[in-house]
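Protein chains in written order, with our numbering: chain A, 1395 to 1732; chain B, 252 to 846; chain C, 1090 to 1207.
Source of the hints: derived by calculation from the structure; they are not laboratory data. A portion of the hints provided could be inaccurate.
Claimed, not checked - List of simulated lysine-lysine pairs, DSSO-like, C-alpha gap at most 30 Å:
| no. | chain 1 | residue 1 | chain 2 | residue 2 |
| --- | --- | --- | --- | --- |
| 1 | A | K1462 | C | K1127 |
| 2 | B | K394 | B | K751 |
| 3 | B | K703 | B | K509 |
| 4 | B | K766 | B | K509 |
| 5 | C | K1201 | B | K483 |
| 6 | B | K394 | B | K483 |
| 7 | B | K801 | B | K766 |
| 8 | A | K1462 | A | K1435 |
| 9 | B | K682 | B | K703 |
| 10 | B | K642 | B | K483 |
| 11 | B | K801 | B | K823 |
| 12 | B | K733 | B | K394 |
| 13 | B | K751 | B | K733 |
| 14 | B | K505 | B | K766 |
| 15 | A | K1476 | C | K1201 |
| 16 | C | K1127 | A | K1466 |
| 17 | C | K1201 | B | K766 |
| 18 | B | K703 | B | K634 |
| 19 | B | K483 | B | K509 |
| 20 | A | K1435 | B | K733 |
| 21 | A | K1435 | B | K260 |
Unchecked claim - Reference excerpt, derived from the structure (chain A facing chain B, CB under 8 Å, subset only):
| no. | residue |
| --- | --- |
| 22 | Q1437 |
| 23 | E1625 |
| 24 | R1700 |
Ideal Cβ placement from N, Cα and C applies to all residues, glycine included.
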Amino acid sequence: MTLDPIVITLIEAVVKTIVVIVALLTAFAYLTLVERYVIAKIQSRIGPNRVGAIGGIALLQPIADAIKMIFKEDFWPSQADKIIYTIAPGIAVGTALLAWAVMPLHPSTEIFGYRVDFFIADVNIGVLYLLAIGSLGVYGIVLGGWGSNNKYSMLGALRSTAQMISYEVSLGLALVGVLMISGSLSLVTIVEKQSFIWNVVWQPLGFIIYFIAAVAEVNRLPFDLPEAETELVAGYQTEYSSLKFALFYMAEYINMITVSAIAATMFLGGYQGPFGILPGVHWLVLKIMFFIFVMMWMRGTLPRFRYDQLMRFGWQVLLPLALANIFITALVMLVVGA
Amino acid sequence: MSTETTLQKLRERFPNAIQNIYPFRGETTVTLPRESLLQVARWLYTDLHFEMLLDLTALDWLPREPRFDILYYFLSMQNNARLRLRVQLASNDTNIPSLTTIYPGANFYEREVFDLFGITFNGHPFLHRLLLPDYVTGHPLRKDHPLGYEPVEFTHTYAEIQPGKPNAVAPPKPRRLIGSVGGAVTELPLTLGEPATPWSGGQSETLLINMGPHHPSTHGVLRVALEVDGEKIVNAMPDIGYLHTGIEKNAEYKTYLKAIPLFDRMDYFATFFNDLAYCLAVEKLMEVDVPERAQVARVILCEVQRIQSHLIAVGSQAMDIGAVTVMTYAFREREAALDIFEMVAGARMMTSYFRFGGLAQDLPLGFSDAVRAFIQMIPPRLKEYEDLLNKNPIWLMRTRGIAEYTAEQALAHSVTGPMLRATGVNWDLRKASPYSGYEQYDFEVPVSTRAKADVLECYYIRMEEMRQSIRIVEQALAKLEKTRGQPYVTSNRKVAPPPKQELQSSMEAVIHHFKLWTEGITPPVGYAYASVESPRGELGFLVSSDGTPKPHRVRVRTPSFANLQTLPMISKGYYLADLVGIIAMTDIILGDVDR
Amino acid sequence: MPVDYLPILVMIAIVTAFAVIALTLSAMTGPRRPNPTKLSPYESGMPPFGSARRRFSIKYYLTAVLFILFDIEIIFFYPWAVLFRDLGWFGLSAMGTFMLVLLIGYVYVWRKGGFEWD
């Protein structure tokens, strides 16, 4: 019996999507544990060591947290815009997950004579898609802040919007250099072209700009103003509880994984090993873990920017640098190429 | 300039104004009629360089007429002189001119006296209750205020308590007022959804926000009502009193000794300082000598606690700006200090270890080693914080040039302590008027060399003060070795109980013991003020005795209370995100502010 | 090819389903004991002053306008970058001219204080 290719594609897509989502949710759950543990060690504390602890690490903590979150009271503040307030976390987590549709995870292989691609979709505008989905992510935060009708939420949401759109410009421009080298917008092609030498070798400045902008995009220290606990209590999350709060949290961590994965894919060769050694998903995971560790390390070390300083840094430092990077790349490519 | 010359000049300048000059225990109180108060105060400020109104309070001598003593305590740093003015008010005419035009720092003090004594200060820009909610009736520090129930209605509602009180009245509309320093004032509603007009009149697109009392970074239950334009602070008004527990009133109903634990609860990060200042005041009143060993022990404990308190100040300031790691490191070090306190006093925070004339008991074995280990541990740890902060560009951006204020502004608002030294004023009571033998130690007072103080400067001063404290502790430990075996408390049996073995052989000792344990100490009639340099500034106790075993009044001049007054002035024009750093800079302890 | 986008549609459907399930689950489980204090907006333990929904500072709007300007610029950059090898010096000069125009605007905004947030 032969199936219509479209049906095969559909079935494949459903299976892959579910696998990716489950993997991401698991990664999110354990990332919270890892973060708590790493930060505890940096701050000379003990960290979680109670729930299902093995070797001093509470391995069941994420599950306990999830169960607790599910059974917490879920309420709608009396002056909130109920619909917006409810769908905001959904939008946040949805856009965070959707970015993974174009991420190449592993080289394509033959399994039982059947060619399997380890990405959900290979679209010829992959990078553009990533940026588009990333831009949508801000809606979750803005609507959450607006819907809550709380001043802290509102201020946090305004800050967050201004911050995310400001750094998105630099983020987008930092990737242009990679596109010039690869000559493609498809992430699959970009990764395949890095089989021997990673793009970071040609694009060190672009890589640094991307990473800084990415940290700002995911609202991590030193750019964690939207939820700056000491002044805005919890920013746009102030009025959220139960699973709705968990969804925001989930979106934040998945975004962390996403920007790390993009950094790995665009600059560090994605699933490619150094000098073409043993390509595979393990490299991608390792690189993502490295970036996430750096983000945690930054959180354990740096104080927080102030809003105006952050905006000035984004517009007056990162943006000109990103533009300069494009022109340097272009000149070098033309001179060396000629 | 000595007190004598000051008085001489005062007599020459105002021959008719002086009603009485009362020297007692080395302090001078000049009694004036109400009419000449403003004149004399202005003259003191301009001609005699009394830059600061250190304290302003009242005493209520109920059966006497004139009933109230209003006490103004002035400090001249230039001449290292202090002078107290007293104005007596009759019970049926409690009006007095306000000093806010000369000393802006009188603002909170006058509001407090209005709140707790019902004295009206004419010309005050915003004379409303400060510590108590507006719906409270009566003035609790008056001697005829009915006791019973709660002094401040927290667990019971107004409706439950009010009928039980004499002169019950209908509850007023629940409103809480916020005032400003010399600026516009608005009434803020307590009911939900009621509109509020911003101070600036509502022309610009400003937003009113409440910060506190239930907020992660207001260092306790401070409430700040904010008006912001975007992220910029247009107005910031502190509203205090959420932690007011009436310690001064409670102390009037305890014996002198039993009041000590109350004062631990004020500045809970500097408990030894509270106890020390109180003990010094009572010792001054009773003219008690303190043996060498007790003095050295007091110095060591206070300096260790100064380190502990500054660790919290620096750590929480870093945390408010986002560097949480510095806070956890600082609290790690603080644990070691708390272990030492636990060792001597059995309690980690509420120590109550000092007694009149010395200590509650001798220092435990191993105390010197524990302190030595502590001071050896601290310097490398301070280096660790500085590695994290001092060269960090974000930290510098967030602290340099934030909340700038000058020495004149600080003096005008009665600011003392590290906040004052950050403006370049070299004023430390340990040097200016040494107590507990501080003149014997070799240490420096860190003073800023910049023209204006800011958040960073205060941080530097605190870091350096910790290092100087270590120096003092090192010297004190050497002294402590020499005093081994010497008495730890005075031999004055009117103040300190006799040792146990004496009770078995001496009838006199039994009598002393019995008197002390049944009645307590009875200082002579009069009042004495003693102050110490707490981690936050000048902490002074005015203990007034009417000759009974219970204090007539204990007035505490707390540094946080005065330092907090500067908040509207220094935070104006900075960002919302800066405000948390600014509050951390003032290093207020709400127990110290509200008492 | 349009068929390439089919998996993305599938993913959108699944992700939407996930979000809906999570939100419904959170509404169904857990206790429901509201009271006026709990439901009032949190403002540091005090009744809030007025509403949070009001006109906010113009500076945020300015940021949004700037973003749109530069984001559109990025959209122009992307196809140019992909085809850069083929376009060569001509591509660089063309983009250079385009950039110059934008840079004038950027400098103008800078000089006018558009990047000052006070």
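Verification of the supplied hints:
1. A:K1462 - C:K1127: holds (19 Å)
2. B:K394 - B:K751: Measuring from Cα to Cα gives roughly 39 Å; hence the hint is violated.
3. B:K703 - B:K509: violated (43 Å)
4. B:K766 - B:K509: Distance ~15 Å between B:K766 and B:K509 Cα, so the pair holds.
5. C:K1201 - B:K483: holds (20 Å)
6. B:K394 - B:K483: violated (46 Å)
7. B:K801 - B:K766: The given pair, whose Cα atoms are some 14 Å apart, holds under the 30 Å limit.
8. A:K1462 - A:K1435: Cα-Cα ~25 Å, so holds.
9. B:K682 - B:K703: holds (23 Å)
10. B:K642 - B:K483: holds (27 Å)
11. B:K801 - B:K823: violated (45 Å)
12. B:K733 - B:K394: Given pair B:K733, B:K394 is violated - Cα atoms ~48 Å apart, limit 30 Å.
13. B:K751 - B:K733: The given pair, whose Cα atoms are some 25 Å apart, holds under the 30 Å limit.
14. B:K505 - B:K766: Given that 30 Å is the threshold and the Cα spacing comes to 16 Å, the pair holds.
15. A:K1476 - C:K1201: violated (41 Å)
16. C:K1127 - A:K1466: Roughly 14 Å between the alpha carbons, so the hint for C:K1127 and A:K1466 holds.
17. C:K1201 - B:K766: Given pair C:K1201, B:K766 is violated - Cα atoms ~80 Å apart, limit 30 Å.
18. B:K703 - B:K634: With a Cα-Cα distance of about 25 Å, the restraint between B:K703 and B:K634 holds, given a limit of 30 Å.
19. B:K483 - B:K509: violated (48 Å)
20. A:K1435 - B:K733: violated (43 Å)
21. A:K1435 - B:K260: violated (66 Å)
22. Q1437: Hint on A:Q1437: holds, closest Cβ of chain B at ~4 Å, below 8 Å.
23. E1625: holds (5 Å)
24. R1700: At 5 Å from the nearest chain B Cβ, A:R1700 passes the 8 Å test, so the hint holds.
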